[in-house]
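K.L.:
Residue numbers (our numbering), protein chains in the order written: chain A, 1 to 374; chain B, 375 to 726; chain C, 727 to 1057.
The set of hints was computed from the structure by calculation and includes no laboratory data.
From a predicted model like this one, the values you see are computed outputs, not experimental measurements.
Incorrect hints may appear among the rest.
[To be verified] In silico contact screen, one side only, chain B against chain A (beta carbon under 10 Å); selected entries:
(1) 620
(2) 621
(3) 622
(4) 632
(5) 636
(6) 703
(7) 704
[What the hints assert, rightly or not] List time: in silico DSS-like cross-link candidates among lysine-lysine, alpha-carbon distance up to 27 Å:
(8) C/947 x A/94
(9) A/106 x A/94
(10) A/104 x C/947
(11) C/760 x A/76
[Unchecked claim] Calculated from the model, a selection of chain B residues having no Cβ within reach of chain A, i.e. all distances over 12 Å:
(12) 567
(13) 619
(14) 624
(15) 626
(16) 713
Idealized CB from N, CA, C, for every residue including glycine.
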Amino acid sequence: MGELKLSSLNKAFGAVHVLHDIDLSVKDGEFVVFVGPSGCGKSTLLRIIAGLEDVTSGRIEIGGRDVGQLSPAERKIAMVFQSYALYPHMSVRKNLAFGLENLKFKRSEIDARIAEAARMLAIEPYLDRKPRQLSGGQRQRVAIGRAIVREPDIFLFDEPLSNLDAALRVQTRAEITRLHQQIKTTMIYVTHDQVEAMTMADKIVILRAGRVEQVGSPLELFDYPRNLFVAGFLGSPRMNIVRASIAGIGPEGASIDLGHGAVLPCDVDPAAVRPGQRVLAGIRPAHFQRVEEGGVPFVVQYYESLGTETYVYGALAETQEPIIVHETGHFAPPSGTRLAIAPMPGRLHVFDPDSELAIARRDAGQRRGAVHGN
Amino acid sequence: MAGTINPVAFLGRTRRRGRIDITDILSWLWLIGGTIAVLVPVVWAGLSSMKPEAEITRFPPSLLPRTTQQVVVPGYDRPLGLWTVTIDGESREMAMVRRIGIKAQMVDPENPAAPVSVDARTISPVQKLTIATENYSDPLERFNFLTYLKNSVFVTVVATILTLIVNAMAAFALSKYRFRGDKAVFVLIISTLMIPLTVVMVPAYMVIVGVGLVDNLWGVIIPTVASPTGVFLLRQYMLTIPDELIEAARVDAASEFRIFWRIVLPLTAPALAVLAIFSVLWRWNDFLWPLIVLSSRENFTLQIGLNAFQGEFSVQWHYILAMTFLSLLPVTVVFLFLQKYITTGIAGTGMK
Amino acid sequence: MAIKASAVLERLVEGVMSLVEIPINALERLMGRKRVPYLFLAPNLVLFGIFTFLPIAISVGYAVTGGTNLFVTDRPFVGLDNFRQLLSCQDYSRPGTCQESLFWTAIWNTFWFVGFNVVATLLVALVTALILNRAMVGRGFFRAMFFYPVLLSPVVIGLIWKWFLDRNGLLNAFFEMMGVPPHVFLLEVGWARFFVVLVSVWFHMGFYTLILLAGLQAIPKDLYEAAAIDAASRRRTLFAITLPLLGPNLLVVLILLMIRSVQIFDEAWVLTNGGGPGTANSFIVQYIYQMAFGSDLRLLGLASAASVLMGVVLLALTLVQLRLARKTEEI
Chain A
1 MGELKLSSLN KAFGAVHVLH DIDLSVKDGE FVVFVGPSGC GKSTLLRIIA
51 GLEDVTSGRI EIGGRDVGQL SPAERKIAMV FQSYALYPHM SVRKNLAFGL
101 ENLKFKRSEI DARIAEAARM LAIEPYLDRK PRQLSGGQRQ RVAIGRAIVR
151 EPDIFLFDEP LSNLDAALRV QTRAEITRLH QQIKTTMIYV THDQVEAMTM
201 ADKIVILRAG RVEQVGSPLE LFDYPRNLFV AGFLGSPRMN IVRASIAGIG
251 PEGASIDLGH GAVLPCDVDP AAVRPGQRVL AGIRPAHFQR VEEGGVPFVV
301 QYYESLGTET YVYGALAETQ EPIIVHETGH FAPPSGTRLA IAPMPGRLHV
351 FDPDSELAIA RRDAGQRRGA VHGN
Chain B
375 MAGTINPVAF LGRTRRRGRI DITDILSWLW LIGGTIAVLV PVVWAGLSSM
425 KPEAEITRFP PSLLPRTTQQ VVVPGYDRPL GLWTVTIDGE SREMAMVRRI
475 GIKAQMVDPE NPAAPVSVDA RTISPVQKLT IATENYSDPL ERFNFLTYLK
525 NSVFVTVVAT ILTLIVNAMA AFALSKYRFR GDKAVFVLII STLMIPLTVV
575 MVPAYMVIVG VGLVDNLWGV IIPTVASPTG VFLLRQYMLT IPDELIEAAR
625 VDAASEFRIF WRIVLPLTAP ALAVLAIFSV LWRWNDFLWP LIVLSSRENF
675 TLQIGLNAFQ GEFSVQWHYI LAMTFLSLLP VTVVFLFLQK YITTGIAGTG
725 MK
Chain C
727 MAIKASAVLE RLVEGVMSLV EIPINALERL MGRKRVPYLF LAPNLVLFGI
777 FTFLPIAISV GYAVTGGTNL FVTDRPFVGL DNFRQLLSCQ DYSRPGTCQE
827 SLFWTAIWNT FWFVGFNVVA TLLVALVTAL ILNRAMVGRG FFRAMFFYPV
877 LLSPVVIGLI WKWFLDRNGL LNAFFEMMGV PPHVFLLEVG WARFFVVLVS
927 VWFHMGFYTL ILLAGLQAIP KDLYEAAAID AASRRRTLFA ITLPLLGPNL
977 LVVLILLMIR SVQIFDEAWV LTNGGGPGTA NSFIVQYIYQ MAFGSDLRLL
1027 GLASAASVLM GVVLLALTLV QLRLARKTEE I
């Protein structure tokens, strides 16, 4: 069925090495999102799984069989393209039928499958229209419909929402998630949008420059980023990164010095650090809180009020490092206001500045799954 | 809509409203003069092609195809020409019996018994508008013109179909695949644009001899099928078809050939139409190559037939012009309907 | 009804194609998808090979061999004799003193024809394009009108003009009306040469007008607005903006016109009954045609040597054109 296993996959276009030793396994029925900045190789990886690109080396298995030499059609996959790639000269019905006709399905079976997919996606009224007569959202659904009628082992989505406007994107996101819950087929979804990744995925694969940075469930990756890149990539606004040092290691664990004498407890593994070690501290904007004492002095520059929440932009008073602080509700500090802020307990991430890797935590038990390659 | 345009406003509608200067007048003179220059020889040939044999060489020529009206008068074997005669200040129509010098002997068709003699310089023939359809029907029946027509249609249709298929296939390969030598092949094909037929016609004929297609319509068709212009035009168009469509079709289990005819060909329809129009024009009008390849009369195309025809019947202009007009007609009709398409197509591709 | 007909046609095409598909798909599976593009290219390349590249090779073969035999391998090798025969001349400006006087007559006729034809066509086309480019009523009509002759066959054009210029033709009727004695235009050397050029301009100017018009319309409108604000006169706008920006197009048209003019044959052949009067309108392609096919004596060596010489000239012109076209693209 829809298991996928990639082993030491490499891809080079001429001298340009675009994928490095990719290992990944996907369980049947899983919703996996490949996410990363543009040029990270996520689309190439998807196209390799689809059979649209050859691998330079490595092995691809779908449902336990090696599909490396098989054509896309023989891999039992279906794909939804970024531009939808609907055949512009064919009606919606013919678009849906084309693949099944090529596979020599019986007419009655083709009609039944089209009817079923059209019902599921609510595109029955458009079946005899041409793609150009449809709105963006309708085209999107037809593109998904074309994949559904094939009843594939794996669905592949290549940034399918990037051509939709913001409101439609949220709606379609939910529809795809619901579709997945309904048909329970393996889906692999490529996007550069971390919100899509966070909201849809059972499992996220973060790629950068042709390498897998981290694999795990959305919250694992959010709470326990393996390195600075993952930490910065997930979450919006980005995680604040400030220079810091290990203040000391006591019986209750290590403490970290954020400057201004703000020394706070942190839950790094005391064995992994030594006092005075220079580190980078990462704190998400939402994980700051205002404190009466013991906080870090922060000077407000300006703020953005979104009604239900407020983002305060400013800098640390001493080092001038820029910081974003998230506040719930209304909050209107005038420019130049000095505030004392501190990370919420357990929400401070500590990274090694040279390797950019997260420094191990005390509660190592929770790091399950947050390891490269799963 | 055209009917509602006020002619004065129409002529006055130039670049600057309300002011007509000398350049506007010169422009209009140029355009109208040019239009007349284009039309006059064509229309003149058309009008002449409808004149009967006796009328066509008359000098100075009459503008419209007319014949002298004739009447059968009792007592005379041949039909007599009808003339307008003025006798005693009264204008009458009389038949001419004979003419001697400046005197003409006329009879009244109503009263043939009493011929009168009148000054031949004062009479003028009674003419009426007639179209000499025999100019068209005779060559079609007596000469091989139907055969020429049939050959021309055959060459045009078959060559156009083959041109579309062969060049579309090559353009597909050159636009949608990356393969070893793709650039070299493209350059090779485009470089043949530089070699006009006139340069290789002698050895090309020898190749035709070699493959046994001399004096055969296929010998006219096949050498012109692979067209660098066609490949180039179609390739440029196919490059605009998104690659994702082709990949989608591959995921949809279509064979490469099926992708070609079910996806790429329908989407290339506009460019194929342009190439088809040009191909039809090339073949229909082609002269030098068929002239070299074809030698026997039953294989002549219309153009070659027309050329041979004028050599043989150098004085029979009524036939020649009728056939000329017949061969010009399809092109004119096509142009009337597809004018916009053709001119924009040519402006866009720079070919003809 | 119409829908049904198109549906039937669609079914028909699909039926035929699904039959055609069977062997091609089998071949495709046999060769593998990677080699499919070669399959698609094959018919084209085979035809190009046989009817373009092979003839080029044969052409060179003919040019360096003598005799009248059609098959290159049966012809005696004569080296550059054919070229020597074509090119040996006491005074190149007087064809009569040349060994192949016909060749040099054709060369000079072609030379003068190209000169006059290029200048006249370019001027007429440019003026027409400039006028048509003004936002004026009836542009589409006039554009179509001037373009119409381009579509006609050279034979038809030759015959139509021959009739127009006939001793009893319309032009002589007009001459007589003006009190000018009639001429047999196509039998008088001066008139015949003049009308070959005139007919050629009449025939082709629409094509070049169209290309120049496309070039003119590609000039951004705001340049003219800027010039108007800068109080430029019309003449100044023409010479300072329009013509310089049209320059690359003009050059391309010029070269194209030269390439095509050198190959003058069809309409002149029909109009002048094969280059008449005498050899006054015999051009280079006609020389080649007559040497190779004009009589039973096939002088393929001389014809091919002349072809090779003409090919070299055309190749040079084409290379210039390609260079210019590339430059135009860069702009």
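K.L.:
Determine for every hint whether it applies to the structure shown.
P.N.:
A quick look at each hint next to the structure:
no., hint, result
1, 620, "9 Å, holds"
2, 621, "5 Å, holds"
3, 622, "4 Å, holds"
4, 632, "7 Å, holds"
5, 636, "7 Å, holds"
6, 703, "34 Å, violated"
7, 704, "30 Å, violated"
8, C/947 x A/94, "44 Å, violated"
9, A/106 x A/94, "14 Å, holds"
10, A/104 x C/947, "56 Å, violated"
11, C/760 x A/76, "21 Å, holds"
12, 567, "31 Å, holds"
13, 619, "5 Å, violated"
14, 624, "5 Å, violated"
15, 626, "3 Å, violated"
16, 713, "26 Å, holds"
Of the numbered hints stated above, those contradicted by the structure are hints 6, 7, 8, 10, 13, 14, 15, listed in ascending order.
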